[in-house]
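Colleague: Modelling step: build the complete structure from the supplied sequences, incorporating the hints.
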Amino acid sequence: MSAAAPGTSKAAHGEAGPKKKKGPGALATAYLVIYNVVMTAGWLVIAVGLVRAYLARGSYHGLYYSIEKPLKFFQTGAVLEILHCAVGIVPSSVVLTGFQVMSRVFLTWAVTHSVREVQSEDSVLLFVTAWTITEIIRYSFYTFSLLNHLPYLIKWARYTFFIVLYPMGVTGELLTIYAALPYVQKTGLYSVTLPNKYNFSFDYYTFLILVMVSYIPLFPQLYFHMIRQRKKVLGHTEDYSKIE
Amino acid sequence: MDALALEATGSKKATAVAVTAPIPSQAPAKRKPAKKAKKAVVFFEVEILDAKTKDKLCFLDKVEPNATIGEIKSMFHKSHPQWYPARQSIRLDPKGKSLKDEDVLQQLPVGTTATFYFRDLGAQISWVTVFLTEYTGPLVIYLLFYFRVPFIYTPKYDFTTSKHWVVHLACMCHSFHYVKRLLETLFVHRFSHGTMPLRNIFKNCTYYWGFAAWMAYYINHPLYTPPIYGEQQIRLALIVFLFCQIGNFSIHIALRNLRPPGSKTRKIPYPTKNPFTWIFLLVSCPNYTYELGSWLGFTLMTQCLPVAFFTLVGFIQMTVWAKGKHRSYLKEFRDYPPLRSPILPFVL
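Taken in sequence, the protein lines are chains A and B.
For reference, each letter of the first sequence is one residue, going 1 to 244 in full-length UniProt numbering.
For reference, each letter of the second sequence is one residue, going 1 to 348 in full-length UniProt numbering.
It cannot be assumed that every hint is accurate.
[Stated by the list, open to error] Pairs of lysine-lysine residues, derived as DSS-like cross-links and limited to a Cα-Cα distance of at most 30 Å, are as follows:
id, chain 1, residue 1, chain 2, residue 2
1, A, K197, B, K156
2, A, K232, B, K54
3, A, K231, B, K54
4, A, K232, B, K52
5, A, K197, B, K163
6, A, K186, A, K72
7, A, K231, B, K52
[Claimed, not checked] Only some residues are given here: those of chain A computed to face chain B with a beta carbon under 10 Å:
id, residue
8, L194
9, P195
10, N196
11, N199
12, F200
[Stated by the list, open to error] Some chain B residues well away from chain A (every beta-carbon gap over 10 Å; in silico):
id, residue
13, D103
14, L108
15, F131
16, V179
17, L186
18, R190
19, I201
20, Q232
21, P269
22, H326
If you're looking for bench data, these hints aren't it; they were derived computationally from the structure.
All C-beta atoms in this analysis are idealised placements derived from N, C-alpha and C, irrespective of residue type, glycine included.
Modeller: So this is what it looks like as structure tokens:
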């Protein structure tokens, strides 16, 4: 769907010229709006899918299978966001965005997809739910921001829901990786042993443990960064109502 | 002349003598010793403000007009002993570039009361210290793996040696490389900057020491697999490695000779009589080119993927440095040879 945009852009872009603009031009904005609308819709599909499956089955168990395909599709699609930063139409750091997106992609493909035994775990539902709500709010936030019509409710939701959703997601992710460990060790998944002609080895089991450990320094930093952002973005309205 | 003599005796000696031209020998015997400048010695006043808060940190009066920024930094250090000169960044504009230690006060676009802005660069450490530390690590660490010190490999292999002669050769090459670097740091390099931020030593040592351990683990592993093409591959790799080591050393010597001892001058490097320097015709930073070559040789010699990774990461970093250096050469020298590329002839 987004592949069509670059094709048509070349002709119209000629007028915009090679000048570097600060922030996205009109065409880039149109593309980004479409991208964010599509992503919002995608995650809504996942949300609806979860609710419908729950109502149909009457339990939380095994809901992953009902949204497996759209989850993989839309979460992987987020890789485009790295490209947006690299090209400059989104003013975020390539490294930071890259890191965030790749960690999601890692959990989706290298853990949940790869280790079938964890797919029925409740921890998967925990992080999928957290991701779904977060992404619906985040992508609608971007959509409205690009159109310069950001309802306060969306802004408030983006900078408030994370307080619960972020720890919830992290818990789900860590429990899922932990659940995958015994199967990875038993089957030697994605692991390379010596001897071999490249004189290289990789132990996926140890790697997963290191990933879990890395949450300890990383999660608090990201969490408190969001808290500080919240004070900055939402803080000024509180100042007006405060009478010191 | 008589009028001058009259003037000299008539007015107050203190100011008049300073203002008039050199007094002829007929003038009054009393003569103040002339300062370096023939003209008025107008002292400057220097105030130093914090670049962020704009607080007045220091006020220096009676500063010589030909005082250098370096001397001003020393004076500032006296009133603020925690900020030694190496960690001071003095600039004309809070967001501007740092002034150099060699800049002279009266040649700067300031009035007789100069206002400078100060930024703390943080704790500093000398380049020599950093280099010595970051290069000694790999030397020692590799040897720990080579001698199969306990707790690395299975206990039955403790203190054993590899049965593959390429492993011994690799150890010699790796050790030679880092000994060469240490000696160059002590005797060859002439550094532009004395210091770098302290946190760099942790970053740099993690990089060098970490990669050294990772490579050494596999090369000296009991289950190490020697190169597929055997002796041919190892011989070619050794030739490449040695050729590039000599090349790299030649470039370091050539760069050293561009700069007189103790100076920080910058000149365009040119090929010398040494054929290893003829690469200057095509490349701005051949020291990096040769360094890449050395590690490619070592990768070929050991046929070890972690070594290939190390070579790749090093290459990326050196390309960034080479491009920056190339750009500053182009900016500084109008007649910079156009044929040169930053690091790879014609390519990069």
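Colleague: Grab the minimum C-beta distance from N196(A) to chain B and call the hint holds if it beats 10 Å, violated otherwise.
Modeller: holds, 7 Å
Colleague: Could you check that no beta carbon of chain A comes within 10 Å of the beta carbon of P269(B)?
Modeller: holds, 34 Å
Colleague: Sort out whether K54(B) lies within 30 Å of K231(A), counting only the CA atoms.
Modeller: Judged against 30 Å, a Cα distance of about 27 Å means the pair holds.
Colleague: For the pair we were handed, K232(A) and K54(B), check the Cα-Cα distance against 30 Å.
Modeller: holds, 24 Å
Colleague: Report holds if the minimum CB distance from Q232(B) to chain A is greater than 10 Å, and violated otherwise.
Modeller: It holds; Q232(B) is separated from chain A by about 16 Å at its closest Cβ, greater than 10 Å.
Colleague: Do the alpha carbons of K197(A) and K156(B) lie within 30 Å of each other, as the hint requires?
Modeller: holds, 23 Å
Colleague: K231(A) and K52(B): Cα distance at most 30 Å?
Modeller: holds, 23 Å
Colleague: Between the alpha carbons of K197(A) and K163(B), is the straight-line distance 30 Å or under?
Modeller: holds, 16 Å
Colleague: Measuring Cβ to Cβ, find out whether F131(B) lies farther than 10 Å from everything in chain A.
Modeller: With a cut-off of 10 Å, F131(B) remains clear of chain A, as the shortest Cβ separation is near 27 Å.
Colleague: Holds or violated: N199(A) as interface residue toward chain B, Cβ cutoff 10 Å?
Modeller: The hint holds - N199(A) has a Cβ within 10 Å of chain B, the shortest such distance being about 4 Å.
Colleague: Find the nearest Cβ of chain A to the Cβ of L108(B) and say whether that gap is larger than 10 Å.
Modeller: It holds; L108(B) is separated from chain A by about 33 Å at its closest Cβ, greater than 10 Å.
Colleague: Does the closest beta carbon of chain B sit nearer than 10 Å to the beta carbon of L194(A)?
Modeller: Interface hint status for L194(A): holds (4 Å vs cutoff 10 Å).
The structure fails none of the hints (numbered hints given earlier).
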